[in-house]
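Number of protein chains: 4
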Amino acid sequence: MAARMKTSVKIAILGGGGRYWAPVVLRDLALCPDLTGEVRLHDLGIEGVRASARTGRALFRHPDSRTTFRIRTTTDLKPALAGADFVVIGISPGPASMFANDLEIPLRHGILHTVGDTTGPAGISRALRAIPIFTAYAEAIAEHCPRAWVVNYANPMTLCTAALYAAFPGIRAFGCCHEVAAAKDRLAKLVAADTGAKRPPREAIHLDVAGVNHFTFALGARHAGRDLMPLVDREVQKPDAFGDATDYARDNAARGAFWDHRGLVGLDLYRRFGALGAAGDRHLVEFVPWYLAGGEASLHRWGVVVTPASFRAGTWTPAPGVTPAPNPLDPGTGLPKRLRPSGEEGVAQICALAGIRDLVTNVNLPNWGQMPQLPAGAVVETNAAFRADRVDPSVAPALPPALAALVRRVTEVQALTLQAGRERDFGLALQAVLLDPLCVFAPDRAETMLREMLTANRALLPGWNL
Amino acid sequence: MAARMKTSVKIAILGGGGRYWAPVVLRDLALCPDLTGEVRLHDLGIEGVRASARTGRALFRHPDSRTTFRIRTTTDLKPALAGADFVVIGISPGPASMFANDLEIPLRHGILHTVGDTTGPAGISRALRAIPIFTAYAEAIAEHCPRAWVVNYANPMTLCTAALYAAFPGIRAFGCCHEVAAAKDRLAKLVAADTGAKRPPREAIHLDVAGVNHFTFALGARHAGRDLMPLVDREVQKPDAFGDATDYARDNAARGAFWDHRGLVGLDLYRRFGALGAAGDRHLVEFVPWYLAGGEASLHRWGVVVTPASFRAGTWTPAPGVTPAPNPLDPGTGLPKRLRPSGEEGVAQICALAGIRDLVTNVNLPNWGQMPQLPAGAVVETNAAFRADRVDPSVAPALPPALAALVRRVTEVQALTLQAGRERDFGLALQAVLLDPLCVFAPDRAETMLREMLTANRALLPGWNL
Amino acid sequence: MAARMKTSVKIAILGGGGRYWAPVVLRDLALCPDLTGEVRLHDLGIEGVRASARTGRALFRHPDSRTTFRIRTTTDLKPALAGADFVVIGISPGPASMFANDLEIPLRHGILHTVGDTTGPAGISRALRAIPIFTAYAEAIAEHCPRAWVVNYANPMTLCTAALYAAFPGIRAFGCCHEVAAAKDRLAKLVAADTGAKRPPREAIHLDVAGVNHFTFALGARHAGRDLMPLVDREVQKPDAFGDATDYARDNAARGAFWDHRGLVGLDLYRRFGALGAAGDRHLVEFVPWYLAGGEASLHRWGVVVTPASFRAGTWTPAPGVTPAPNPLDPGTGLPKRLRPSGEEGVAQICALAGIRDLVTNVNLPNWGQMPQLPAGAVVETNAAFRADRVDPSVAPALPPALAALVRRVTEVQALTLQAGRERDFGLALQAVLLDPLCVFAPDRAETMLREMLTANRALLPGWNL
Amino acid sequence: MAARMKTSVKIAILGGGGRYWAPVVLRDLALCPDLTGEVRLHDLGIEGVRASARTGRALFRHPDSRTTFRIRTTTDLKPALAGADFVVIGISPGPASMFANDLEIPLRHGILHTVGDTTGPAGISRALRAIPIFTAYAEAIAEHCPRAWVVNYANPMTLCTAALYAAFPGIRAFGCCHEVAAAKDRLAKLVAADTGAKRPPREAIHLDVAGVNHFTFALGARHAGRDLMPLVDREVQKPDAFGDATDYARDNAARGAFWDHRGLVGLDLYRRFGALGAAGDRHLVEFVPWYLAGGEASLHRWGVVVTPASFRAGTWTPAPGVTPAPNPLDPGTGLPKRLRPSGEEGVAQICALAGIRDLVTNVNLPNWGQMPQLPAGAVVETNAAFRADRVDPSVAPALPPALAALVRRVTEVQALTLQAGRERDFGLALQAVLLDPLCVFAPDRAETMLREMLTANRALLPGWNL
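Residue numbers (the numbering used here), protein chains in the order written: chain A, 1 to 466; chain B, 1 to 466; chain C, 1 to 466; chain D, 1 to 466.
Honestly, the hints are just simulated from the structure, not real lab data.
These numbers come from a predicted model, not from an experiment.
There may be inaccurate statements among the hints.
One copy or any two copies: either way a pair holds, since identical chains are not told apart in the list.
[Unchecked claim] With a cut-off of at most 30 Å between alpha-carbon atoms, the simulated DSSO-like pairs for lysine-lysine come out as follows:
| # | residue 1 | residue 2 |
| --- | --- | --- |
| 1 | K198 | K6 |
| 2 | K189 | K6 |
| 3 | K189 | K78 |
| 4 | K78 | K337 |
| 5 | K238 | K337 |
| 6 | K78 | K238 |
| 7 | K78 | K198 |
| 8 | K198 | K238 |
| 9 | K6 | K238 |
| 10 | K78 | K6 |
| 11 | K6 | K337 |
| 12 | K189 | K238 |
| 13 | K337 | K189 |
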């Protein structure tokens with residue numbers, strides 16, 4: 001077979017020294033036969049990007065690699081962005097110690113987070129750190145590569161993406177998250193159980209998706225033209241469908257399997273509200289007051305466990321820049337024998353935008369009409385069609401009114417957080433915390449908690465009066 | 001002075017056998033020199049309306065009375081409504097024992113209500129009983145007096161009014177509530193304290209009002225052309241403005257002064273969100289999760305006390321109809337020497353609609369544009385101009401975004417409740433409960449609680465499958 | 001009777017050297033017993049303002065005058081505005097010769113205007129001249145008296161007011177126009193004819209008003225509590241209601257009675273669309289394509305005549321500034337024996353805002369919710385309540401859908417015109433002309449016409465590339 | 001190669017006796033290797049459907065046919081629809097003589113239509129005939145096959161589709177029109193001219209489409225990842241781009257080439273408003289007043305000619321049912337040697353909905369969010385993704401404001417027409433005519449014209465009071 005024509009592109013990776021996203025993107029690029037060109041790795045500290053560059057070069061030399069890219073490293077945004085066709089953002093807003101603060105301080109006040117990177121007081125705090133960073137990115141993109149497509153992987157996904165649009169309304173950015181894959185996997189299992197056939201691949205499940213990132217709902221599901229919602233109905237009606245999962249959860253907590261769950265919460269939302277929660281239960285529970293308010297014990301009943309702050313602090317080594325090294329694909333420690341795709345879709349989206357092949361998937365974009373139940377401009381997650389130089393969100397099916405209301409509440413908190421972050425306004429940040437569903441105590445206590453949180457992480461809150 | 005010309009009108013009073021509203025309306029009519037004509041008292045039981053008729057006749061014979069009306073009594077809607085110019089609704093949806101159930105059952109599950117007639121699980125339960133009654137009223141009005149003006153005094157004000165419009169969209173109804181008077185009184189006191197002059201009357205304080213009934217906000221306040229908000233700012237900044245009011249509250253609770261409060265919550269909402277809570281604190285705390293979630297002890301810190309269910313059950317004698325007799329102005333026990341106006345505005349509104357004199361006041365109406373931040377059609381409370389045969393709501397000033405979000409949450413719960421009540425749908429009622437800010441436990445527990453509540457009060461839930 | 005307390009205010013009059021509005025305002029002030037203080041007359045040329053000052057002083061010395069004001073004159077905005085409580089704008093955007101150009105050039109291309117100061121290509125051209133002037137005014141007000149209330153009398157009313165808000169969104173401005181008085185007078189006549197009693201004064205007629213300035217509709221009308229719409233229905237049904245009025249019109253044209261009409265167009269709109277046209281017919285016909293497209297002959301059938309450009313040019317003496325002198329109340333030629341109010345409402349509105357007495361009247365304001373059928377922010381005309389330091393528009397009754405559509409078309413043309421004027425963009429101005437209902441020829445011809453118009457008046461289009 | 005699996009479907013064709021659409025659908029089905037099953041031909045007259053059945057059987061026996069279907073014929077809706085998976089509607093609302101009336105009567109009043117099947121007084125008249133037919137169809141579909149997908153080919157496309165949704169809001173219907181293909185062909189030519197390569201097929205051109213049927217705009221265009229709008233810009237800037245095309249038009253008129261045009265109007269809209277008119281010029285000119293108001297001579301300057309009423313009347317034989325036979329593929333006169341696809345997309349859409357292969361194309365659907373500039377629910381034309389049992393419209397790029405306003409005007413006229421047709425209300429129909437851009441004379445004349453039109457076609461206006 002003749003060599004395939006490759007499209008040459010320039011890709012900037014911001015957070016290019018990070019231990020998680022940079023290797024993911026480099027690996028997926030290595031496995032993509034359609035692209036070549038240049039990757040610019042950018043981060044605050046040169047050690048991190050150099051480490052990533054070594055990883056990248058090793059990846060492109062790996063026997064499984066199907067392409068190669070020039071790799072450049074820089075700690076300056078201008079050379080990273082000038083003339084870039086694509087910008088991938090994969091930073092972590094602050095070191096793990098700050099993430100631990102986000103979790104521990106609310107816990108002392110009685111507020112439990114299962115994840116803490118998206119919503120709740122912890123998510124708000126994280127967002128406030130991220131907003132100035134993404135504002136600076138957007139301004140630099142406006143200056144150096146205003147027509148570049150910007151793929152954001154960083155959390156809190158919605159607010160990072162919203163911060164880009166707030167700072168540069170003409171930006172062509174979207175947020176990319178594979179969290180709904182959990183729902184696809186669940187449905188694939190149901191298909192296999194029902195047909196007795198092999199479990200279909202995740203990509204074969206089509207979901208009609210609507211919501212905001214990590215609080216996303218499937219309003220329809222099909223496989224090979226078959227409506228899968230009756231399979232979900234059947235699950236709900238099983239006598240033991242919602243049996244107590246405390247033992248399962250305790251076991252997971254004991255062995256550190258913080259990510260495991262049985263999807264009971266997603267299913268509970270389905271039976272109560274009519275659309276299947278299409279994110280991991282550990283995310284879903286953070287968006288409503290019902291599952292976490294009773295503490296860890298009552299949470300376990302749903303088969304969900306808390307990822308403890310100590311785990312965050314212990315496994316993520318803080319580094320002298322925003323995004324710490326080293327990364328798990330460090331060539332020093334050896335690459336794996338076989339390279340496998342990460343499961344993330346950013347590189348596939350880049351391929352579609354480069355005109356190589358169309359793609360329909362879920363994506364986070366400002367609401368241009370795709371969810372008329374939500375405020376115009378709020379960043380929402382729906383399906384979209386990626387084509388040459390264009391992303392067209394699909395109009396999502398309407399959420400049941402109660403779910404639309406719950407999602408709207410999330411966008412309201414996010415709007416307040418965004419404004420607070422942009423204006424460095426403690427009062428607005430406190431309003432965001434008070435309106436968050438996890439906050440059920442009096443405003444003076446919320447103020448104390450928030451002040452402790454922001455003070456603890458003030459190093460990444462430039463210009464705030466704390 | 002020559003006798004003043006009186007305008008002759010026909011007024012139906014639904015709930016005309018009730019012990020509270022019927023005497024209020026009759027007394028205010030007796031004190032109004034501009035109107036005469038006919039009053040039709042309607043209720044389920046003939047004893048109640050006959051008692052009210054006796055009261056009414058005694059009132060019109062009272063030396064302070066400035067007019068008289070023919071009084072008719074009926075237990076049939078048709079003769080009450082046929083040809084009526086005005087319909088006043090003053091029922092109580094169910095006997096006091098049901099109100100006690102509304103309070104006690106949630107309390108067993110850990111949910112505290114200070115009032116329980118408006119919002120929270122108790123308010124939802126009460127609304128579900130009221131909706132079929134108001135649906136029937138609206139259908140009868142559509143048939144017998146479609147152009148009549150309908151003044152609703154009953155609670156839950158918003159949902160009773162909304163139920164009228166849902167059943168007969170052409171109805172000319174509004175909800176009348178004097179709760180914002182509390183804020184006017186507070187401001188009058190501030191004026192007096194500031195000027196050293198006599199406290200101005202309530203009517204001399206102009207408020208710019210926006211919100212929903214009992215969760216209303218003053219965005220501006222003026223007296224004699226003077227902006228009063230700086231006086232509010234001064235209050236907030238006093239060092240002891242938000243001092244612990246536990247002793248005060250305990251004392252009130254001990255002596256049964258359940259209605260007393262210091263307005264700390266209204267002021268706390270002002271300092272946190274930028275608009276003054278313009279309803280009694282005991283109402284305000286029920287619309288947000290912050291003050292009640294910690295139980296009665298932490299509530300007392302704000303100077304607010306709970307009206308106990310035992311008080312409801314003990315002081316309100318249940319009767320063999322929807323609205324119980326006897327009433328406090330019973331001619332058997334003697335009328336007071338001097339008749340004083342009730343402080344309610346229904347009769348003044350009737351005068352304005354009858355073309356006697358214009359009136360600007362706050363009123364509950366579907367959102368026709370007066371609050372663009374809220375959904376069209378949701379019943380909201382704003383100022384309005386009453387004129388001959390016309391009510392024109394004023395466009396309210398915009399609420400700060402966080403408050404608009406909080407009020408919108410209330411309207412969302414109300415929309416679900418209305419639909420649940422109209423469709424007799426338990427699942428929707430449960431959604432309403434789950435979305436209510438007072439509900440912070442898991443859906444299965446909420447389901448148990450709600451089923452207990454509706455089952456206890458099922459006698460007034462015809463057609464429900466419980 | 002003791003002397004009444006007067007409220008002292010500072011009033012700036014922009015266009016204070018003009019021959020029309022400045023004397024109107026000064027006379028109404030002289031007749032107002034409630035106000036005193038200082039008037040600052042501002043205009044481009046000092047001769048004009050000095051002449052107005054002489055007029056003003058003579059007016060305040062007139063036996064009918066009930067107050068006095070200090071008068072200052074200036075050609076500099078800063079001393080006119082600094083510390084002003086009220087700003088009244090009464091300019092004419094350009095000399096009469098430019099107004100004549102606005103009329104004559106379209107006429108050569110076959111487009112007839114009856115008035116030409118509001119809409120149609122002439123109104124667009126006039127607006128383009130006004131927008132930079134009002135932009136400058138708004139910027140100066142933002143700087144020197146941001147809390148002042150701004151009363152605009154100038155035409156095109158809607159776009160002048162909109163230009164103020166576009167340049168300074170926090171401005172407290174409204175447009176004041178007495179054009180709906182024509183409809184009130186008509187209804188007063190109908191009342192008199194019906195009752196045989198004396199014609200009630202204009203103020204006794206209450207209209208429910210909705211629309212945009214000069215294309216306003218009465219959706220309801222009452223007098224002393226009586227619904228007047230049945231009288232209008234009776235008019236429509238008269239056999240000769242819509243008889244040919246050509247002779248009447250020709251006679252008016254011959255004797256220069258350009259303002260006279262029989263209200264046939266307002267009534268025709270009522271029978272076709274369901275709301276009474278509440279502006280003079282000569283204005284109404286310019287907002288739809290139907291009456292003017294057939295030329296003057298077919299217009300006369302409706303009893304309406306064209307005010308010819310020659311009349312504009314001949315009676316308005318152009319002056320060396322934007323607003324020409326002399327004025328009709330020139331003290332040199334002698335003031336009238338009796339001072340009579342102008343019939344304009346600006347001074348009454350100032351009194352209300354100063355806290356003297358409340359007023360409900362129609363006014364032009366950005367759409368904050370008062371007309372939900374129209375775009376938010378578009379300047380619309382509805383009723384509003386004027387109070388101490390506050391104007392609250394009432395939510396207007398809904399227009400019938402077809403009328404709402406016609407009014408929306410006007411706002412669309414206005415939005416394009418405003419943007420064109422602010423950005424000095426010929427292409428946008430051409431879009432406005434093409435979307436105007438009077439433009440029914442091909443875009444290339446419209447371009448030729450517009451270029452001729454703007455070139456002829458380029459002296460007042462600074463910064464345009466023509 | 002093994003035989004491909006065929007999906008078996010039941011397809012009802014309403015208007016199955018018609019001479020145009022039924023053969024188109026049958027031929028495209030014959031050429032589709034993926035489907036088989038049953039076709040039910042339904043029409044008012046049995047002769048027509050029998051003729052179509054003969055055609056269909058001949059087509060399925062044709063050597064080029066790749067499948068076969070059972071064919072049933074009926075004049076009763078129930079057997080046609082019961083259990084149908086798909087319903088294709090291809091009727092003509094009334095015989096050609098009525099179409100001729102639609103054109104001739106307005107012409108006598110000075111209103112010229114180039115096509116007359118979509119908009120203008122002729123389109124309104126046609127819609128009024130179609131609305132009761134489509135209402136009946138929708139009611140029958142609701143009863144007999146509520147989950148069927150309904151493909152509408154009939155004109156006026158927008159209002160036929162809207163009438164379906166108005167009568168049965170749960171219907172799954174869309175309008176299918178290939179008119180934008182004209183714009184694709186134009187762009188394909190530009191690509192060929194630019195590259196010197198062969199003209200790419202229509203399907204290879206991707207357009208970003210927004211508007212309403214026949215008044216559709218391309219906001220972007222790409223071929224093989226290349227942005228084509230610069231090619232359009234180059235066209236506009238050619239010195240002779242907008243040269244007088246009168247000779248060309250006259251020649252076309254003389255030889256009966258009524259469909260030919262040079263796309264000058266689409267290009268003129270592009271240069272004036274910023275989006276390329278993406279329908280034939282003969283359609284585009286009917287939606288604005290500019291090109292037709294000057295009569296045929298000034299129209300010819302744009303290279304567009306009028307399809308005369310005589311042509312309509314002469315070539316379309318009226319028949320004793322709604323849709324006349326015979327059809328051009330009559331087996332009696334012989335089928336063509338080679339069967340070629342019609343170029344219409346209905347069968348491809350059916351394949352996608354049947355789960356065979358996804359398709360992205362333009363389609364007419366109620367506005368669920370895809371065009372936030374237009375009213376919710378109005379039928380609009382945008383791109384959409386067709387998948388198994390689902391159509392998801394894409395959010396269209398925003399139209400430039402002036403174009404959005406022009407399209408909104410069309411939807412306003414359509415909303416009035418729909419209501420007039422459903423309520424059989426002459427006054428509303430007259431409002432629709434008056435608001436149509438082609439109507440530039442006074443309301444009394446418009447009334448005369450409309451009455452003549454509806455009276456002439458009253459046989460298909462049951463229940464109207466004419």
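key: Up to 30 Å CA-CA - K337 versus K238, copy category   = Neither, since 43 Å and 60 Å both go past 30 Å.
Intra/inter-copy verdict for K189 and K6 if alpha-carbon distance must be at most 30 Å = This pair counts as between: shortest inter-copy Cα distance 28 Å, intra-copy 36 Å.
message = Checking an output row: K78 and K337, CA cutoff 30 Å. Within, between, both or neither?
response = neither (36 Å within a copy, 65 Å between copies)
ask   = When no copy is named, should K78 and K6 be tagged within, between, both, or neither for a Cα gap of at most 30 Å?
value = within (26 Å within a copy, 57 Å between copies)
ask   = What label fits K189 with K238 when the C-alpha limit is 30 Å: within, between, both, or neither?
value = Within one copy only: 16 Å inside, 61 Å across.
request  = First find the shortest C-alpha distance between K198 and K6 inside one copy, then the shortest across copies, and answer within, between, both or neither for a cut-off of 30 Å.
outcome  = between (35 Å within a copy, 24 Å between copies)
message = I want to check one pair: K198 and K238. Are their C-alpha atoms no more than 30 Å apart within a copy, between two copies, both, or neither?
response = within (23 Å within a copy, 61 Å between copies)
ask   = With identical chains treated as interchangeable, where does the CA-CA distance between K78 and K198 reach 30 Å or less: within a copy, between copies, both, or neither?
value = Intra 50 Å, inter 42 Å, cutoff 30 Å: neither.
key: K337 and K189: within-copy, between-copy, both or neither at 30 Å Cα   = Within one copy only: 29 Å inside, 51 Å across.
message = Within a copy, between copies, both or neither: which one fits K6 and K337 at a CA-CA cutoff of 30 Å?
response = within (25 Å within a copy, 44 Å between copies)
message = I want to check one pair: K189 and K78. Are their C-alpha atoms no more than 30 Å apart within a copy, between two copies, both, or neither?
response = This pair counts as neither: shortest intra-copy Cα distance 47 Å, inter-copy 41 Å.
message = For K6 and K238, with the copy left unspecified, which applies at a CA distance of at most 30 Å: within, between, both, or neither?
response = neither (51 Å within a copy, 36 Å between copies)
This entry does not satisfy hints 3, 4, 5, 6, 7 and 9, going by the numbered hints stated previously.
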